[in-house]
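Engineer: Sequence:
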Amino acid sequence: MTSLLNDVIILFAGNSGDGIQFLGKKLSDTCTSSGNYISTLSDFTAEIRAGFSGFKIHISNKHISYTGEKYDVLVVMNAFLLKKNLNKLKVGGIIIADISGFNKKQLKLAGYLENTLKKYKVFCLKISSYLYKRKININNKKCFLFKNMFVLGFLCWLYNFSIKKICFLSKKENILKYNLKILKFGYFFGKKKCFYTEKFRIFYYKNKSGRYRNINGNEGISLGMIAACKKANINMFYSWYPITPASEIFNNISKYGIGIKTFQAEDEISAITSAIGASYSGNLGVTGTSGPGMSLKQEGLGLCFMLELPLVVINVQRAGPSTGLPTKTEQSDLMQAFYGRHGECPIPILASKSPSNCFYISFIACNCYRIYDSSYNT
237 MTSLLNDVII
247 LFAGNSGDGI
257 QFLGKKLSDT
267 CTSSGNYIST
277 LSDFTAEIRA
287 GFSGFKIHIS
297 NKHISYTGEK
307 YDVLVVMNAF
317 LLKKNLNKLK
327 VGGIIIADIS
337 GFNKKQLKLA
347 GYLENTLKKY
357 KVFCLKISSY
367 LYKRKININN
377 KKCFLFKNMF
387 VLGFLCWLYN
397 FSIKKICFLS
407 KKENILKYNL
417 KILKFGYFFG
427 KKKCFYTEKF
437 RIFYYKNKSG
447 RYRNINGNEG
457 ISLGMIAACK
467 KANINMFYSW
477 YPITPASEIF
487 NNISKYGIGI
497 KTFQAEDEIS
507 AITSAIGASY
517 SGNLGVTGTS
527 GPGMSLKQEG
537 LGLCFMLELP
547 LVVINVQRAG
557 PSTGLPTKTE
567 QSDLMQAFYG
577 RHGECPIPIL
587 ASKSPSNCFY
597 ISFIACNCYR
607 IYDSSYNT
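First residue of the sequence shown: 237, per my numbering; consecutive thereafter.
Simulated from the structure, these hints should not be mistaken for lab results. Watch out, some of these pointers could steer you wrong.
Unchecked claim - Here are the simulated SDA-like cross-link-like pairs (lysine to any residue), alpha carbons at most 20 Å apart as the crow flies:
(1) K429 / T238
(2) K401 / N450
(3) K261 / K429
(4) K444 / S568
(5) K298 / G253
(6) K589 / S568
(7) K357 / F316
(8) K417 / Y366
(9) K261 / S301
(10) K362 / F316
(11) K420 / L394
Since we're looking at a predicted model, the values are computed, not measured.
Just need the whole structure built from these sequences, with the hints factored in.
Structural biologist: The structure is reproduced here in structure tokens:
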């Protein structure tokens, strides 16, 4: 039996190194290629291979701008994360658990001395042992590295997504082969072992024929600036100092922007003053930063205002005061954008409302830069 849904909210939760972010991104790509709208939220720590990782995705058949509060599906890799996230799972919701993370010791530490999941539909997956028994020439200790692909395949079966639309890019042929093979294992595991289970299908929106893509805000900003430069036939100079979460803009510009000059400065002040110098020589001067980096650029913005030179400054906002939380985002720097400079120093402020709108906002900023020759803060 297949039930039709208008939307579904899924939370993936696991340890750092479980491939949660990769799993979420692949499911996002699958949903958009199937005609659904999505809204996603990544949650991971700033440390390398430490703590926990989460990825929430809201899949719908209409435009959505938030990821929602309560989950319909909770995918967990250990007992602690089940306890941490269970309170936001809807009654009657689905739990997909890799039970290799649910031994007696972990259950005791998490406080699960008896079965308290009777209100939910639970799928217990013995992923590592199942893959080991399939004899796919993977060391037993490395089986856990591919369990995210098994879960992805299982979800594709549960929600009637085609696994043919999932593609991988890998420099190593054997890694690519294992990913595809284990993806199919997860799909056919659901088909054979859970054939009696109710399946779901999410209505999809019938868009007009054309090319569609799934982008985040940083990629939208990058593509918008590149498009503006190509349309106006001007050269762009992008200066930056490495800071999360704005560093991705540099990566995207370097990947897409043929002929665009990039400069990694030794600090935020050098980044903005070098962009001012590029603007003085007739180029499109752009600099990007986040939170505390924006504070260091205020004097440079005042200089640019005094010299009446055009400049585009991108502030990818992070959460919290002071140095903030590098891997968390928050729309909290609007007052800084308006009043952060010294003295009378008014500049236009442009703010995006969605990841796709970031493309148009950055395009407009670069276009106004060319027409009005003024500093812009986006």
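Engineer: Each hint should be assessed against the structure and marked as holding or not.
Structural biologist: A quick look at each hint next to the structure:
{"no.": "1", "hint": "K429 / T238", "result": "16 Å, holds"}
{"no.": "2", "hint": "K401 / N450", "result": "14 Å, holds"}
{"no.": "3", "hint": "K261 / K429", "result": "26 Å, violated"}
{"no.": "4", "hint": "K444 / S568", "result": "36 Å, violated"}
{"no.": "5", "hint": "K298 / G253", "result": "33 Å, violated"}
{"no.": "6", "hint": "K589 / S568", "result": "14 Å, holds"}
{"no.": "7", "hint": "K357 / F316", "result": "19 Å, holds"}
{"no.": "8", "hint": "K417 / Y366", "result": "13 Å, holds"}
{"no.": "9", "hint": "K261 / S301", "result": "17 Å, holds"}
{"no.": "10", "hint": "K362 / F316", "result": "17 Å, holds"}
{"no.": "11", "hint": "K420 / L394", "result": "13 Å, holds"}
Hint violations for this structure: numbers 3, 4 and 5, all remaining hints satisfied.
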